[in-house]
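K.L.:
Below, each chain spelled out in residue letters.
Protein chains: 2
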Amino acid sequence: MSEKVIVAVDAMGGDNAPQEIVKGAVESLQKNSKIYIKLVGKEASVQAELAKYDYDRERIEVINTSEIIETGEPPVEAIRKKKDSSLVVAMRLVKEGKADAVVSAGSSGAILVGGQTIVGRIKGIERAPLAPLIPTAKGQSLLIDAGANMDAKASYLFQFAKMGSIYMENVVGIKNPKVAIVNVGAEEEKGNALVKETYPLLKACKDIHFIGSIEARDIPKGDADVIVCDAFVGNAILKLYEGLGEVFLAKVKEGLMTSLRSKIGALLIKPALKQTMKSFMSNEYGGAPLLGLNGLVVKTHGNSKSGDICKSIGQCLAFREQKINDKIKEKIKNEA
Amino acid sequence: MSEKVIVAVDAMGGDNAPQEIVKGAVESLQKNSKIYIKLVGKEASVQAELAKYDYDRERIEVINTSEIIETGEPPVEAIRKKKDSSLVVAMRLVKEGKADAVVSAGSSGAILVGGQTIVGRIKGIERAPLAPLIPTAKGQSLLIDAGANMDAKASYLFQFAKMGSIYMENVVGIKNPKVAIVNVGAEEEKGNALVKETYPLLKACKDIHFIGSIEARDIPKGDADVIVCDAFVGNAILKLYEGLGEVFLAKVKEGLMTSLRSKIGALLIKPALKQTMKSFMSNEYGGAPLLGLNGLVVKTHGNSKSGDICKSIGQCLAFREQKINDKIKEKIKNEA
Chain A
1 MSEKVIVAVD
11 AMGGDNAPQE
21 IVKGAVESLQ
31 KNSKIYIKLV
41 GKEASVQAEL
51 AKYDYDRERI
61 EVINTSEIIE
71 TGEPPVEAIR
81 KKKDSSLVVA
91 MRLVKEGKAD
101 AVVSAGSSGA
111 ILVGGQTIVG
121 RIKGIERAPL
131 APLIPTAKGQ
141 SLLIDAGANM
151 DAKASYLFQF
161 AKMGSIYMEN
171 VVGIKNPKVA
181 IVNVGAEEEK
191 GNALVKETYP
201 LLKACKDIHF
211 IGSIEARDIP
221 KGDADVIVCD
231 AFVGNAILKL
241 YEGLGEVFLA
251 KVKEGLMTSL
261 RSKIGALLIK
271 PALKQTMKSF
281 MSNEYGGAPL
291 LGLNGLVVKT
301 HGNSKSGDIC
311 KSIGQCLAFR
321 EQKINDKIKE
331 KIKNEA
Chain B
1001 MSEKVIVAVD
1011 AMGGDNAPQE
1021 IVKGAVESLQ
1031 KNSKIYIKLV
1041 GKEASVQAEL
1051 AKYDYDRERI
1061 EVINTSEIIE
1071 TGEPPVEAIR
1081 KKKDSSLVVA
1091 MRLVKEGKAD
1101 AVVSAGSSGA
1111 ILVGGQTIVG
1121 RIKGIERAPL
1131 APLIPTAKGQ
1141 SLLIDAGANM
1151 DAKASYLFQF
1161 AKMGSIYMEN
1171 VVGIKNPKVA
1181 IVNVGAEEEK
1191 GNALVKETYP
1201 LLKACKDIHF
1211 IGSIEARDIP
1221 KGDADVIVCD
1231 AFVGNAILKL
1241 YEGLGEVFLA
1251 KVKEGLMTSL
1261 RSKIGALLIK
1271 PALKQTMKSF
1281 MSNEYGGAPL
1291 LGLNGLVVKT
1301 HGNSKSGDIC
1311 KSIGQCLAFR
1321 EQKINDKIKE
1331 KIKNEA
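Protein chains in written order, with this note's numbering: chain A, 1 to 336; chain B, 1001 to 1336.
Chain A with its partners taken away, still in its complex shape (with noise of 0.2 Å):
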């Protein structure tokens, strides 16, 4: 294994593409000396964007693409059909051993079908779920399905929670972090069907710390740092993090709006509650990685900055240098 970690990058998903990505590509490369990257990406516009840097040029190679995958199109016929855009082109690198990890803030859906069919699966792997870290009162917690797969199955969920605790100790460092059920009670018997055939496996499991269920008023609290739940729950969690923040956030200044004793305070407190939201509402890990595939594929929000794309490059080396692909791996011979 060389000392290199080789991360593909979509230069053209998301919105600030392909600006910020390339920024954040160059600003990596300062970051850890064993970093390379591979932009792909229509050539003309990386190198354009390129040459505002002042770079190693050993570091990064500029793979050219003619094709992108718009936000809109139907994930599965863009993967088949586009086989020049940038994310099949970084993904198959992966796939050919080219790159260790992709990252890229294109379209969720193309990602995620991309990542389940051109890099694959680990064998013995039934499904790769999305995990990204959702901000708590105590840091941060990993949700794990977050929307990749619907419908999911028992055996699923019991992976996830082994594969959630593998990334929350060793990417993020949490010691023997707990796992928790998303559940509507705290007792045992509660649950639909999907979590009552879970529980049982997850609370035989030695390989991870189950606590039990959590219910979701806990989950901002911080009460358990992997959080395991199907997709479709999961997206529901993950996106009303989002729309409520954005909401509470729209209240609050409507109630310092109120009264000119207000108006003055809010002067007063603007600059302190900004850097406080802020605080909460990031990670230092950028996008959400898709586990359990050949390679680390990490899907960052579509309106990344290059800070996001830098962090999420830096979660690539996190990623490899702890082996994370090999410890899944042993976890999933045992169940064999």
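Because the hints were derived from the structure by calculation, they are not lab data.
Among the hints, a few may not be true.
Below are the PhoX-like pairs computed for lysine-lysine, each with C-alpha atoms no more than 20 Å apart in a straight line [said to hold, decoys possible]: (1) K1153(B) <-> K153(A); (2) K1253(B) <-> K221(A); (3) K1153(B) <-> K196(A); (4) K4(A) <-> K34(A); (5) K253(A) <-> K1221(B); (6) K153(A) <-> K1190(B).
These numbers come from a predicted model, not from an experiment.
Since chain A is already given, all that's left is putting chain B on it; use the hints.
P.N.:
Using the frame of chain A, we list chain B on its own:
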């Protein structure tokens, strides 16, 4: 049909029973002369509370019961065994036509079980959903089902959409309410198996104003008036609303304490902010209705104060006067 609306109130349910429950019942009499109350609970305790107030004795009857269902008890067993509990007796009053509705701040599980087994469902209704109003940027939306029926079928969700629509139009007064189904994306082909099966039923239904899928991100914006989902997802949404609200406010407060400047600002904004958040999180209907039963069951939260009880009783009046159950029966008949 009498002009009177008789509400059976579980005087022993909730953290503040019987004090706040009795107080709320007395308050409700002043709101509308049609309201009559049957206070169900330990007579000595209830009478001791009633003695504190001046009220029309003709309009409050106390019905003595010897048992109380506690929050932690397994609901099915509690409902079956505690025949002389305040909740069971209150529900039997509705079943026997001696009351129009029940209001309880007691054990959620017992209320849901008792509603379905004692009060019973309207003929043709497959399941009775719990339908709380949740705050949004535009006002409030009805979340249906928020926790009553695990493992829903498409035919349940179809009926929930109709019942929710009738309730929002007639009790809350939203003309032609917009109905949406919770989904992981806006496109029709998205979703889990349940949503994919339900979507075309809702789309084809002439009784409702179906606007398609809603992502959880857009729920707090108030994009739809009636939010249809299965109880597991609805419960996660409802509880995350509560939990995230608390953590956000805590973070805002933390932000306010970071500098002298922000501390001074905090003193100035406190009253306005408190008022805004309070009005955002409250609603004028009190508890959540359990719809589709032979009578109305309103579940108010465990820490309900007199105001919540009074509003919940007021909701029973509107429910009765607007003949919600007749309207539900009519829509169900059309199905057959």
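K.L.:
K1253(B) and K221(A): Cα distance at most 20 Å?
P.N.:
Judged against 20 Å, a Cα distance of about 15 Å means the pair holds.
K.L.:
Next pair to validate is K253(A) with K1221(B); report whether the Cα-Cα distance is within 20 Å.
P.N.:
This hinted pair holds, its Cα atoms lying about 15 Å apart.
K.L.:
Is the straight-line distance between the alpha-carbon of K153(A) and that of K1190(B) 20 Å or less?
P.N.:
At roughly 18 Å apart (the allowed maximum being 20 Å), K1190(B) and K153(A) satisfy the hint.
K.L.:
Given the hint that K1153(B) pairs with K196(A), does the C-alpha gap stay at or below 20 Å?
P.N.:
18 Å, holds
K.L.:
Quickly compare the C-alpha distance for K1153(B) and K153(A) to 20 Å and report which way the hint goes.
P.N.:
18 Å, holds
K.L.:
Is K4(A) close enough to K34(A), meaning Cα to Cα at most 20 Å?
P.N.:
5 Å, holds
In summary, the structure agrees with every hint in the numbered list given earlier.
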